[in-house]
Every structure is written in structure tokens, then in C-alpha cells.
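Trainee: Chain by chain, the residues run as shown.
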Amino acid sequence: MAKQKNYGMVIDTRVCVACSACVYACKSENGVPEGYCRDWVVQETEGAYPKLRMENRSERCQHCENAPCVTYCPTGASHYAGDGTVQVNRYRCTGCKACLAACPYDARYVHPEGYVDKCSLCKHRLEQGLETACVSVCPTTSLNLVDFNEPEAKADEMMNGKEVYRQKEHAGTNPSLYWISASNKPGA
Amino acid sequence: MNMSHGQDMNRRDFIKISSLFLAGSAAMSTQIGRTFSGTGNALAGEHAEKVVHSFCEHCFWRCGIAAHVRDGRIYKITGSEHHPLSNGKLCPRGTGGIGQIYDPDRLAHPLIRERKGGQSTYRKATWDEAITLTAEKLYQIKEKYGPQAIAMLHHGYGYTFFKEMFKSFGVNKFAKPSFDFCCGPRHQGYILTYGHSAGTPEGIDIQNSKYVIFFGTHYGENMHNTAVQEISEGIRRGLKIVVFDPRFSTLAGKAEKWLPIKAGTDIAMMQAMMNVLITENLYDKQFVEENTVGFDELWAEVREMTPEKAAEITDIPAEDIRDVARRFASFAPSAAVHPGRRTQWYADGTQRVRCIAILNALVGNYKMPGGVVKYEKYKLPKAPHHHYPEFEKEIWSQYPLFTDIKPSNTMASHEVMQQTMNDEIKAWFVYGVNVPETVTLGRKATLEAIDKVDFLVAVDTLPMEVTGYADVVLPECTYLERYDDLDGGRPYRTPFVALRQPAVEPMFDSKPGNEIARMLADKLDLHGVFEDSVEEYLDKRLKAAGSSLEEVKKTGVLLGEPTDLYRKPGEKLTFKTPSGKIELASSKMREAGFSAVPKYIKHPEAPEGYYRILTGRKPMLTFGRTANNRFLNELPTARENDIWVNPEVAKQHGLTHGEYVHLKNQAGVVSEFPIRVKVTERIRKDAVYMVHGYGHYFKKLNWAYKRGASHNQLISQTEIDKAIGAVGFQNNFVTFIKEA
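Keeping their order, the protein sequence lines are chains R and F.
Count along the first sequence starting at 1, add 857, and that's the number in my numbering.
Count along the second sequence starting at 1, add 49, and that's the number in my numbering.
Everything labelled a hint here was simulated from the structure, so no lab data went into it.
One should not assume that every hint holds.
Each computed EDC-like pair below joins lysine to aspartate or glutamate, with the alpha-carbon atoms no more than 20 Å apart [as the list claims (entries may be wrong)]:
(1) Lys908/R with Glu730/F
(2) Lys908/R with Glu368/F
(3) Lys1019/R with Glu282/F
(4) Lys908/R with Asp369/F
(5) Lys306/F with Glu903/R
(6) Lys1042/R with Glu282/F
(7) Lys908/R with Glu305/F
(8) Lys908/R with Glu282/F
(9) Lys1011/R with Glu282/F
(10) Lys727/F with Asp1013/R
(11) Lys1019/R with Glu305/F
(12) Lys734/F with Glu903/R
Modelling step: build the complete structure from the supplied sequences, incorporating the hints.
Mentor: Below is the structure:
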């Protein structure tokens, strides 16, 4: 039997241009309703003219190993899927929004049909052996799908020798998204 | 038959197209469930998916796409893995094709302008009526004034069939506005220097480069899929980027050095870099001696432009200029200056591009890994066209270096405007280009020209503003519903021929351009212009290339052997210039009466309290073409344009971040719509920045109407490059009018 998967992402912000291709690809792949999105891009600039620094990021649910949304969900709709991802069973969801309040990453929204929705890491595609829609569209290859259980993890290769961070680690969520900082020198 | 000229048509009222003639959401839903029967793969199960490989039409890059069709409807578009320009990836606009095909504002029926009780209105017409009227009017105008009284203005890949039709009809005036301000100077500047164009994709081996300098081009904001892929790969491999730009662009955010150059001083900067390369003996002497002409003349021009002198002009410290020039030379030949896009800013765009070409030549990076490379085209035999009489060269552009080879366009679009004002041109055939918001002479001048036209036909998919001025509106189906000519003329690493094919059948009463052109040709009694069907034509062309339509339909591309990019040791280089060498001093410029080497000319400064308007784009939009695309415009970052203002300027004018202002230019023109202020450290104090393509006037573009401000409206001052006829409009300045 194949080893259990432990999916996550390594996101290389050095190359991201905040074009939002990931957002549109996700919307059409997952039929996300007008006015909502499961992923989004952030362009942050720091400093004062002319000494400026920029980081571009494509953000989404962090598929935490210790996910507050799962902890606080009263119905069990938010759950660990066993492959490293966190999923929402929309039929169990009552739309109470406890998870929206609990999520430190603001990754969830209430679908017009009444249930809570968020990035599924394209679970339906992973099951077919495909990458997520956002990863497969990304023109800069900033987005990388990884399986942390792979023995020679491509994740390590990508992150070795670089400044890498995770978001809001102090929240104790143990998120599955790793960010290669834009402050790394080219070719680092 | 009487011409109606001088009677009901000399005053061209703008007509608001009734929503009865547009697709509307009800009409949209009736389309769901219809399937296209022409392209094999009949739907088997209820939700079986059909994937059709074609190429995109959201910009000129024309990436390969895969349209995923379910239940007769395209539900998503992804990047084609077969096409070398997409490699399975796609920019947001490519994905956003679904927002174009399913736009409820689409033109649904042919329309004919009518006058009733002194008022112009449109009536719904049959195709036969619309084609008959168009053919009659064109015929009458040709009979009365000659074929030179008809011009076609176009943008987009479907125009080729109309061009064939017009050539056979004897009409040879073709213009595309994008030549005037975008591709013209770059194309000609490179041809004058190297004898070949910079190319799309650009011939820069960027993924293998160590150091690339950009002058004001906005990679990442202009999402040219392959280029962005290659730059990203370059960064992963260690590419260092330098950006000269008055604005901290997304690309500047990737750079080891952002140099906020004063707008309009690029030539001084590049001359100073040449000065450093030559003074400090950093240039590739052997390459220059063997492969270039005009070095002494160039040196005589740039010897006075020391980094100290350039520092005063450009506002960039002399040590930074030296540092960039030295690093450029130290990484050469794996270093390059990027040719950029949208290259006409002032009247000296061609010479500015030539500066870029010359800097590359000085470091000897031609056909070197990481340098300037020359891609090859797929050897696709020419279309089996019919022989036409020689082009009438006397009617071509009056600008001596507009073009010097058999042109795809014969004049600049502003010449069409001027000839219309002089009564030389009487009829416009407008294909896919929203003239009032596109022609570089600005909105006012363009509307004056439109008012003079006797007969105007517009072919479009949407009720763009120009359609409101047309006598006949011919609704074309979108690129996802039609065949077009093969995309086979472009050189790349892997030479290719790409096929555009329909993923679903044409919606409403719209038709493919190839069919509309054929109907016109038939009505005009032009024989032998087209094959019996477009499929037959494409099949013939592909068979001549050793394949067939049936074969290419499977993947949408025909691939050649990858180009051998690099120079062999001792290889003798030849260039298709008059001297056979790279022309640092251009003999053609000299012969035409211009300076053979680029000169720095000072451009006007902003009046007190005014700021130079710089323009650019957003990654998810292609100006007017996507303005009404609800899918693409849905994101808050896409919805409207902002005016970027430096914090000190904001303070001086009492502006706060997020407030709305009107803009007023130096000629007193006030923007029709207000624009939101973005206070940001990312821009110099002497300039403001806005994205072009917003602030649409036409209410029938339900989404685009009144969102943001129009940049074209604020162009009152233009400068024409006398060598090639390109138009610069960066000498326009604005101030702010606060909302009452």
C-alpha cells in the first residue's frame, strides 16, 4: 500500500508577481461564486522612497496540522482528511461561523448556499493524480505542491539554504504552507 | 445609385444600442446545452468533458489554450501543455476567456443605422441586409473616390481574412493603432540596427542570463506568459535584475537595483552607459570591430555624456550609472538590456530602442548564452493566395522609415485620422479596435475624425464605443467559437504553427470573421479570394507543411526542431542591414535625413503643480479588450484604476489615500469620471501613474461603464516620430480637482 500522503505547499515569493492567475484558475476550477474566492494575492511594499522592498504572495487555507477550525467546529464538518489537508463537509456544516472566527489566516467564507467554504487543495484533483488548479496555472512556478512524506522531498530541495518562514507560527497551528522569503538573493 | 454622402450621414450621432440587440442574460441561458458538432469527440456521458486546443486572443502573445467543454459550455480554460508559449501555464486573462464568451452584453445581431424623424437609431438586420449594404457602400465609395478612400483599422488576429478581401478589392490602407505607440518603434529600431525585429517573444535568452537591465517595462504587470516563466526561471538560477523606472513596479520589486529615473531621460542614461563602456574599455572590442559599423560616429555622440552629466539629467547618481555599466560588462556576454514593450513615449522612441540595441551590441552578447538571440520561424509555406496587383506604394505612409519591407500595415493609424480630416478617406472598416479610446491623437481628435467619415463599419464582439458610431455593426463570434488563420509567422526557441479552432459553435446570430469576409467578397463579386471553406484553406496550408488539419486539431500545434541559439566559435555573423553588420550608426536613418546615432533631446517639464502621467497595466486585464469581462473584473484589484501619487505630492495637494478626484490636464481637459487616489512611496514626485483602459463612456458596456478614469481622454499633446510615424503622448501632465 502506498504511503499516506501529507500534502502542503512551498511558495516561492521571489518569483511571484501577484498576477492572480491562481485566483482565477481556482474560481473556474471550483465554481467559486461571484464575489468570493478561495485564494488571493497580497502585494506588500515596505520602506520609503527610494529604498523599497516588496513581497508578493498567493495565500489560501494553510491546511494546519493543528487547525483551530477543526477544534472549534461544533458539527465535525471541518475535519482532517488524512492526507495533510483540512476539508469541510458542506452537508454537516450549519454555517455557524465558529471556524471563521477561529482561523488565524482568514481563509474561509460563507458560501451563498449557507455552508462554509475554503481551499480544498483541489482534493478532487489530487485524487486523480493532478496538481491543484493554482499550482498548474502558475506562470512563475511560485506555487509548488509538495508531499512532505516523500522520502527525497522536493520540498527540502527547494527550501535548503534559503530564508523560509511560516505564517503566524505563534498561533500553534503548525501550518503546511512554507514561504520562501522575497529577501533571498536570486539563485540562493 | 445615389450616394447618401452629404445628406443624412455628414453628422455622425452616437447611437445608444438598445439592449434588445444584445445578448442579455436570458439569451445567454438558452445557449447552455448546445453542443458544437464540428470537432469530433461527441459528448458521450452526461458530464463527459471535451478538451479543445486552440490559442488565446487576450493579447498578442497568443498562448496555447485548452478549452474544457462540458454540456456544451466552456467551463474552464487552462494553458495548453503542447504549445511552447504556454507550457501548460496561463495568465489570468487566458483563464478569463469564459468571461468574454459568456458576456451578457455581447452583440447578438447585425445592426443597421437608420434615421427616423431626425434621430439616428439602429435596427436589427439580417446578415444579408447588413452585408449587402456594406458591399454597396464600399463599392460606391471606391467608384466615386477610388480605393484609397477606404481604410481598415484593426486589432486582433481575426483581421487577416478581411485584409485578403480588401486586397483583392484594391484597397491597401491598413493600420493598427498599436503600431503607433507600442510595437512600431521597437520593431523598426531593431530592424535598423540588427536587420531583424526584437520579436514576440523577445529574443533575449533570459533564463540563462546573469544580468538583465530593463527600462520601464513592467514584467509581471504585463503578463506575457512565456517571458514571465523565463524571468522566473532566471531568478531561480541567479539572474540579477536592474530596473530603471520612475515607478517601483512589480519587476522593480525583484531587482537588485531600482533606479527611479526621471521620465523622458532614458537616452541620456543609455548614452552615459555607452560612455562608461567605451571610456573604461569594457566593451567587446573584437566583436565591435568585426560585426558593427559606425563606432566612431557613436563615440563622437556619447563622449560628452559622462555619468556626471547624465546624473544631472536623469536624477540618478553618477556612481550608480558607473556601477550598472560595469556590472553589465562584467556579466557579459550573459547579460542584456531588454528591448521592452510599448516603446513610444516621446518623439524619439525609435532612437531610444536603438540605444538598447547598441548597448547589447557593445558587449558582444549576440547569439551568446544569456544574451540576445535570434529565434527561427517554423518553415510554413506561404498561404496559397491569389496574385494581387502590386501594392500602390504611393498611398503608403508618408513617414520614410514607417516600414521598408512588404508591410502588414501600410500606414500609421493617426494618418488615417488625418487623411479623414482632409477628406481623402471616406470609409472606415473597423475590426476589433475601439478607436476613440485607442488612437494616440487622443479622444477629441479621434471623435472629430469619426464625425467626418461617410461610412463606418464595425466588426466586434461587444458594443464597444466605436460600434455606436457605425453605420453597420457586424457581430463577430469570439475567438473561442471560430477558426482563424494559422499563427505561423513567429520565431521562437521551438518554432511552431498554432491553430485557432472553435470549442463551441457561434452563439446568437454572430459569425466568424472568415465567414463575414467571405460573404462580403461574394457580394463584391471578388472571385478566388477564399477557398470553399476555412477548413479547406487551413488543411491546404497544413498539408503543405507536411501535416493536416485533422492532425493539428488534436493538440493545436505543429512543432519544429528547437532553434540552435548560440554562436559557434569562429562563426561569421551576417545581418540584413545595408552594411551587412550591426549598424551602431544607421545608414537608413542618415539617408532619410535623420541623425544616424541616437541623440538625447530634452523633453518638456511639467507646469507648476502638474505631474507627468505615466501609464501601465494590470496583470489581469488587456485594456479595452477585457474592460467588460465580469469574470476578470470581479477582483477588487481589477475593478477600477487608481492615480498613484507620492506622499509629498499628496500632502501638497491635500489628498488622502482612497479619496476620489478628477484629473485636469495642461490643456484644461477634465476627466469625465473621478479616479481614486493611491498615496504611495512607489513613485517619483514629478510623475503620477494610472492604468490605461478604464473609464469607458459607453453605457451598454454594463460593467465597464464609468469605472475609473480614461487615460486617452487626458491626451491633448502628442509628438510624432518623423522617421517612422509613431506617436508619443508622455508629454501630458495633470493636476487634481478635489470632489466638492
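Trainee: Is the Cα-Cα distance between lysine 908/R and glutamate 730/F 20 Å or less?
Mentor: Holds: lysine 908/R and glutamate 730/F sit about 9 Å apart, inside 20 Å.
Trainee: Given the hint that lysine 908/R pairs with glutamate 368/F, does the C-alpha gap stay at or below 20 Å?
Mentor: holds (17 Å)
Trainee: Below or equal to 20 Å on CA atoms is what counts here, so check lysine 727/F against aspartate 1013/R.
Mentor: violated (40 Å)
Trainee: Given the hint that lysine 1042/R pairs with glutamate 282/F, test it: the Cα-Cα distance must not exceed 20 Å.
Mentor: Answer holds: lysine 1042/R to glutamate 282/F is near 14 Å, not above 20 Å.
Trainee: Under the criterion that the straight-line Cα-Cα distance not exceed 20 Å, is the pair lysine 1019/R, glutamate 282/F satisfied?
Mentor: This hinted pair holds, its Cα atoms lying about 16 Å apart.
Trainee: Within a Cα-Cα threshold of 20 Å, do lysine 1011/R and glutamate 282/F meet the stated pairing?
Mentor: Distance ~17 Å between lysine 1011/R and glutamate 282/F Cα, so the pair holds.
Trainee: Has the given pair, lysine 306/F with glutamate 903/R, been kept, meaning a C-alpha gap of at most 20 Å?
Mentor: holds (15 Å)
Trainee: Is lysine 1019/R close enough to glutamate 305/F, meaning Cα to Cα at most 20 Å?
Mentor: holds (17 Å)
Trainee: Given the hint that lysine 734/F pairs with glutamate 903/R, does the C-alpha gap stay at or below 20 Å?
Mentor: holds (18 Å)
Trainee: Holds or violated: are the alpha carbons of lysine 908/R and glutamate 305/F at most 20 Å from each other?
Mentor: holds (11 Å)
Trainee: Between lysine 908/R and glutamate 282/F, does the CA-CA distance stay at or below 20 Å?
Mentor: violated (26 Å)
Trainee: Given the hint that lysine 908/R pairs with aspartate 369/F, test it: the Cα-Cα distance must not exceed 20 Å.
Mentor: holds (14 Å)
Figure legend: structure checked against the earlier numbered hints; hints not met, in rising order: 8 and 10.
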